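S.K.: Each chain, written out:
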Amino acid sequence: MADVHIKGVTKAFGEHVAVDNLDLHIADGEFVVLLGPTGAGKTTTLRLIAGLERPEAGSIHIAGHDTTTLSPAERDTAFVFQQYSLYPHLSVYDNLAFPLRSPARKMPEDQIRRRVEDVAKMVRIHHKLNNRSTKLSGGEMQRVAIGRALVRKPSIYLMDEPLSSLDAKLRADLRLELKRIQAELGATMLYVTHDQIEAMTMADRIGILADGVLVQIGSPRTIYSEPANLHVAARLGQPAINLLPVGLLPDGGAPAGTRTIGARTEHLSIAKAANGHADGVVDWVEHLGDQNHLHVTVGTRKLVTLTDPDTDLAQGDRIMIRYRSPLYFGADGRRLM
Amino acid sequence: MLNRTADSVARATPEPLARKVRGISDKGLAWLFISPTILLLLAINIFPLFWAIYLSFTNFRANRPNEVVKNLGLANYKRILADQDIWIAMQTTAHFVFWTILLQTLIGFTLAWLIDRKFRGHAFWTTIILVPMMLSPAVVGNFWRFLYEPQIGLFAYAVSFVTGIPATQISMLSNVSLAPWSIIIVDTWMWTPYVMLICLAGLRSIPEYIYEAAEVDRASNWRQFWSITLPMALPFIMLAVLFRGIENFKMFDMVNLLTGGGPGSTTEVASITLKRQAFESWRTGYSSAFAIILFVAVFGLANIYVKALNKVKQR
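So the sequence lines, in the order shown, correspond to chains E and A.
For the first sequence, the working numbering gives the first residue as 311, with consecutive numbering after it.
For the second sequence, the working numbering gives the first residue as 412, with consecutive numbering after it.
Hints in this document: simulated from the structure, not taken from any laboratory.
None of the values given here were measured: they were computed from a predicted structure.
Among these hints, one or two may not hold up.
Cβ-to-Cβ under 7 Å is the rule here; a few derived chain A residues that face chain E [as the list claims (entries may be wrong)]:
#, residue
1, R615
2, E619
3, Y620
4, I621
5, E623
6, D628
7, P642
8, P646
9, L650
Note that beta-carbon positions come from the ideal geometry of N, C-alpha and C, so glycine has one too.
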């Protein structure tokens, strides 16, 4: 395992700048998640590190060596693609053994067998080792693809939305599994996703990408509670943060220059209107079982927040809403302290 | 609402036509549409096949239609299988099929692999390579006859230029040992592009990310070729071999034009023998039996091959 240092890397496809002057340092053994919408430059960043793309500017150092101009094979990274990129005519075993059989390694076959079997157990696919890789379900294929990365001890694991095509249950299982494996191996990992739950639960640090620019990087807690701007704030939180114009609700203590107030569930206190004064009306209560989504209309704006599953609020109730130290954003979208 | 629309459409249809069409069910209409094709197929494919099977058991001669036709049972078949000349023709055919397929597959796949590198102008070269395939076999046969001419032919000239052998000694079509190769060369020249096209389709069907995965997994170009390119293109290569194999097993037109089976019977492939028996010796019953044997042989071999192909595909 090694650290990876990206310095001022820019990559453009024709007119479109996919990654713009990116600086990122991933420490040895660190799990960094890049979070952003489609087209933000997440995958391109991974491909640049793997050597599948060449940057126009900047440099990439792996374990202290400048690898900017090296071929993928010379860099020794492991890549899990978003599609199941299995070798379709090979068995599961041969797929897992493929990277180990590289002439660059010269690993004896009995050692390969041991390693493959270990990893197959780790990703829970050992009962299918002799199956054709095309005869597997989607979840099994992706576990083989992850396993094929794990059999190696590369400088860094690069994972491109490896769980996005799996069903919710399997995704949750593999999420935990991956985090456990990463911690066990002490692996350096750069993981790309647009799923905020994956980012929040697995990352040591989350980097938020937008239009090829790294907007903010920090621990999940920091990113969540101290977002640098509106874009970062909008990426995290379920239901999504309510961005309300200043003055819509009473806001004692908003700093000067505040234009927008960001309020997640924990930033709002809601109670039934008591003395005739009401800020809003309950539109709809969405019952999700363990919690409820409360849809509220305030003036012309709508906001969504969580309530207890046993809330006594009902459609049409008039309610009083107060901020509890929410997030303040200025005219340029940056958060004000 | 929907019913009303349907009604109004029905009312808009001219009365006589509507009356006629209403009498026919959808299925009936479908049969009506495909019946010309089926009738044509029956008339020019299925009926002649069964007629030939019938004739193969008789002594019928097409140049003596008024003679009494005798039923010979399996006599024609027995004579064919014991006929030395027939077996020589089969060997000539096998030799021709084997070498044309081998050369066309090797050259065709190599060309496809090169074109797939997507170098500058690869589309232009693809078109150029495809030209021979677009020509009619009759045209190809005729102009290769000229190319092979020892006195004026470009081919003989080029070979003598490279090897130093006088051009007049290079008579491809009349030399006993060169004649079989002369037809192999022409067929390869003409049909390699076809094999290339199918192989190219196979190569293009391999997704780019598989190569990227292999590259990250530190597989050399050589290993990528053997463990990804070749196995994944194999069903396509096999398909091309099947098409060319069936086609060349019944090769007639080009051989007939180039050598007519000669010199002697050195290039007499099965279909030339068949033509000689049927339209020079007028042994219609006998040649029908031979045609049936050829048909069964091709059909049987192709079936075995397709089974193998399906097995490869299912991997």
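S.K.: Indicate, hint by hint, whether the structure satisfies it.
M.R.: Against the structure, the hints come out as follows:
1. Using the Cβ-Cβ criterion of 7 Å, the hint placing A/R615 at the interface with chain E is not satisfied: the shortest such distance is roughly 16 Å.
2. For the restraint placing A/E619 at the interface with chain E, the shortest Cβ-Cβ distance is roughly 10 Å, beyond the 7 Å limit, so the hint is violated.
3. Checking A/Y620 against chain E by beta carbon gives a least distance of about 5 Å; that is within 7 Å, so the hint holds.
4. With a least beta-carbon distance of about 6 Å to chain E, the hint placing A/I621 at the interface is held under the 7 Å criterion.
5. Of the supplied interface hints, the one on A/E623 holds, with its beta-carbon coming within about 5 Å of a beta-carbon of chain E, less than 7 Å.
6. Taking 7 Å as the C-beta cut-off, the interface hint given for A/D628 holds, the closest approach to chain E being about 4 Å.
7. Residue-level restraint check for A/P642 holds (minimum Cβ-Cβ distance to chain E is 4 Å; threshold 7 Å).
8. Hint on A/P646 is violated. Least Cβ distance to chain E is approximately 10 Å, over the 7 Å limit.
9. The beta carbon of A/L650 comes no nearer than 16 Å to any beta carbon in chain E, farther than 7 Å, and the hint placing it at the interface is violated.
Checked against the numbered hints given earlier, this structure breaks hints 1, 2, 8, 9; the rest are met.
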